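Listed here are the chains, written in short residue letters.
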Amino acid sequence: MAKLVCKSLPKCGFNFFNGFFIMLTLLLSIGCSSSVTENVAKHSTKEGEQLYYTIGGQAGIERLVNAFVKRIAQDQVILPYFAKSSVKHFKQGFINHLCATVNGPCKYTGDTMIDIHTGMNINEGDFNHVVELLILAMEDVGISYQSQNKILAKLAPLRAKIIKI
Amino acid sequence: MLPHLSLLVITLMLLLLPRVSFANGKILATPGVAQVEGSGGGGLVPWAQLAGYATEDEVAFSVFCSQAIVKNFQLNSCGGQINFYDRLELSFAKQNFDVEPLSLTLSQQIIGLKVRLYGDFIYSTWPQLSLGIQHKLLDTPAVAFTLGAQHDSGTDIYLAASKLHLGLLAGYNVLWNVTARYTKANEMGLLGFGGPNGNGTLQTEVSVAVLLNKHLAIGSEYRTKPDNLGLNESDWQDVFVAWFVNKHFNVTFAYLDLGAIATIPKQKGWYLSLSGSY
Numbered sequence: 052m053a054k055l056v057c058k059s060l061p062k063c064g065f066n067f068f069n070g071f072f073i074m075l076t077l078l079l080s081i082g083c084s085s086s087v088t089e090n091v092a093k094h095s096t097k098e099g100e101q102l103y104y105t106i107g108g109q110a111g112i113e114r115l116v117n118a119f120v121k122r123i124a125q126d127q128v129i130l131p132y133f134a135k136s137s138v139k140h141f142k143q144g145f146i147n148h149l150c151a152t153v154n155g156p157c158k159y160t161g162d163t164m165i166d167i168h169t170g171m172n173i174n175e176g177d178f179n180h181v182v183e184l185l186i187l188a189m190e191d192v193g194i195s196y197q198s199q200n201k202i203l204a205k206l207a208p209l210r211a212k213i214i215k216i
Numbered sequence: 304m305l306p307h308l309s310l311l312v313i314t315l316m317l318l319l320l321p322r323v324s325f326a327n328g329k330i331l332a333t334p335g336v337a338q339v340e341g342s343g344g345g346g347l348v349p350w351a352q353l354a355g356y357a358t359e360d361e362v363a364f365s366v367f368c369s370q371a372i373v374k375n376f377q378l379n380s381c382g383g384q385i386n387f388y389d390r391l392e393l394s395f396a397k398q399n400f401d402v403e404p405l406s407l408t409l410s411q412q413i414i415g416l417k418v419r420l421y422g423d424f425i426y427s428t429w430p431q432l433s434l435g436i437q438h439k440l441l442d443t444p445a446v447a448f449t450l451g452a453q454h455d456s457g458t459d460i461y462l463a464a465s466k467l468h469l470g471l472l473a474g475y476n477v478l479w480n481v482t483a484r485y486t487k488a489n490e491m492g493l494l495g496f497g498g499p500n501g502n503g504t505l506q507t508e509v510s511v512a513v514l515l516n517k518h519l520a521i522g523s524e525y526r527t528k529p530d531n532l533g534l535n536e537s538d539w540q541d542v543f544v545a546w547f548v549n550k551h552f553n554v555t556f557a558y559l560d561l562g563a564i565a566t567i568p569k570q571k572g573w574y575l576s577l578s579g580s581y
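From first to last, the protein sequence lines stand for chains P and E. For any residue, its number in this note's numbering is found by taking its place in the first sequence, counting from 1, and adding 51. For any residue, its number in this note's numbering is found by taking its place in the second sequence, counting from 1, and adding 303.
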């Protein structure tokens with residue numbers, strides 16, 4: 052198809068590439084519109100709250116944190132970091148924190164990220180490994196790839212308050 | 304011969320993997336793939352990321368073999384990288400370039416060094432920044448000298464900036480890299496260095512990619528090139544799909560448009576690259 056158009060136009064080589072970018076844009080806009088309809092159908096939301104509802108609101112966040120704790124419990128590298136933690140306290144704190152992070156109707160009142168992680172001396176590799184466990188947990192509870200990335204985008208800026216302290 | 308040998312090495316490495324400890328601190332796909340001149344990057348462009356999955360306290364070893372087949376030419380490039388602590392990348396590539404109209408093969412070796420100056424591809428506010436060199440030695444300079452090249456070796460210096468934006472496009476992760484390269488190389492060095500029209504210029508190279516899921520990236524690259532020999536040397540571009548099977552193995556497939564090479568036009572074709580890391 053591209054070849055036919057090519058013959059009449061100079062600079063043929065670019066058609067294929069233009070076509071690729073148009074395809075890419077289309078693909079991404081389809082992905083976008085479908086996720087928007089998904090949550091408009093479920094809730095009429097305030098600005099910025101969509102993500103919270105897309106991932107299932109409070110119940111969705113609780114499911115995610117439970118799956119995350121399960122993943123940590125099975126991980127030899129990360130579990131030792133939680134040796135002195137109360138699972139119940141961590142779950143409650145993270146549910147609340149995550150809810151606030153995705154602009155849900157919660158206010159996080161627990162300890163600061165710096166207070167929690169000071170003295171743990173978490174290195175870059177282990178931090179990334181926890182990110183991988185969180186991704187697996189999000190997959191476990193069926194959160195879409197796009198929503199996973201949006202959640203990670205909101206959590207990523209916290210890294211400086213978590214590692215190497 | 305060389306591609307087959309490297310495939311054997313990759314296979315052997317994959318078999319040995321369960322028995323060795325390996326660098327795996329980076330998140331899947333974030334180091335990119337092997338660049339045709341041996342550096343970590345996209346297929347055509349050296350990126351600011353260092354090859355392999357090493358973080359601050361790990362060392363990563365990677366090997367790769369790539370093949371580009373366009374209308375009248377074929378390039379085989381194999382080599383490897385060592386990533387020291389996500390700070391320093393040492394790379395090597397051996398390129399064999401078959402010139403089918405002349406039934407001859409041009410060969411060069413490239414030793415590369417890249418230092419991460421600043422930042423983290425995902426987490427830092429500003430893009431990751433790296434400075435690198437690629438020192439190239441042309442083993443078969445006769446053709447290059449006939450065409451007017453001045454040297455049979457040269458050193459490219461490049462500054463690369465790259466960034467991954469989480470969820471940027473409708474929730475999909477987008478990454479880009481921009482590289483500025485000072486080079487004397489004609490056709491990457493395979494036609495020598497310098498010439499009647501120039502002896503060192505600054506070139507721009509750009510890559511953009513989208514991650515469709517955690518294993519699959521699609522993207523495009525564009526690389527400007529000098530025209531020292533006055534043969535209307537073309538810019539290069541590609542559209543690629545990279546499949547990160549796991550942290551030890553990735554495959555890149557691309558459609559190439561290399562324009563005119565040595566005045567022979569319409570050099571389009573396919574690119575396949577395999578890379579293994581531990």
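Some hints could be false.
[Stated by the list, open to error] Mimicking PhoX-like on lysine-lysine, the simulated pairs with C-alpha atoms at most 25 angstroms apart in a straight line are: (1) P:205 / E:517; (2) P:121 / E:397; (3) E:571 / E:397; (4) P:142 / P:212; (5) E:517 / E:569; (6) P:142 / P:121.
[Unchecked claim] Chain P stretches covered by chain E per the calculated footprint, using a threshold of three residues with CB under 8 angstroms from any CB of chain E: (7) 124 to 135; (8) 154 to 162.
These aren't lab readings, by the way, just hints derived from the structure by calculation. Remember, it's a predicted structure, so these values are computed and weren't measured experimentally. For each residue, glycine too, the CB sits at the ideal point set by N, CA and C.
Take the C-alpha atoms of residue 121 of chain P and residue 397 of chain E, compute the straight-line distance between them, and say whether it is at most 25 angstroms. Violated: residue 121 of chain P and residue 397 of chain E sit about 47 angstroms apart, past 25 angstroms.
Is the straight-line distance between the alpha-carbon of residue 142 of chain P and that of residue 212 of chain P 25 angstroms or less? 19 angstroms, holds
Counting residues of the region 124 to 135 of chain P that have a beta-carbon nearer than 8 angstroms to any beta-carbon of chain E, does the count reach 3? violated (count 0)
Proposed proximity, residue 569 of chain E with residue 517 of chain E (alpha carbon, max 25 angstroms): 35 angstroms, violated
So if I understand the rule, the pair passes when the alpha-carbon distance is 25 angstroms or less; does residue 205 of chain P with residue 517 of chain E pass? 18 angstroms, holds
Please work out if residue 571 of chain E and residue 397 of chain E have their alpha carbons no farther apart than 25 angstroms. 22 angstroms, holds
So if I understand the rule, the pair passes when the alpha-carbon distance is 25 angstroms or less; does residue 142 of chain P with residue 121 of chain P pass? 11 angstroms, holds
Has the region 154 to 162 of chain P got at least three residues whose CB is nearer than 8 angstroms to a CB belonging to chain E? violated (count 0)
Checked against the numbered hints given earlier, this structure breaks hints 2, 5, 7, 8; the rest are met.
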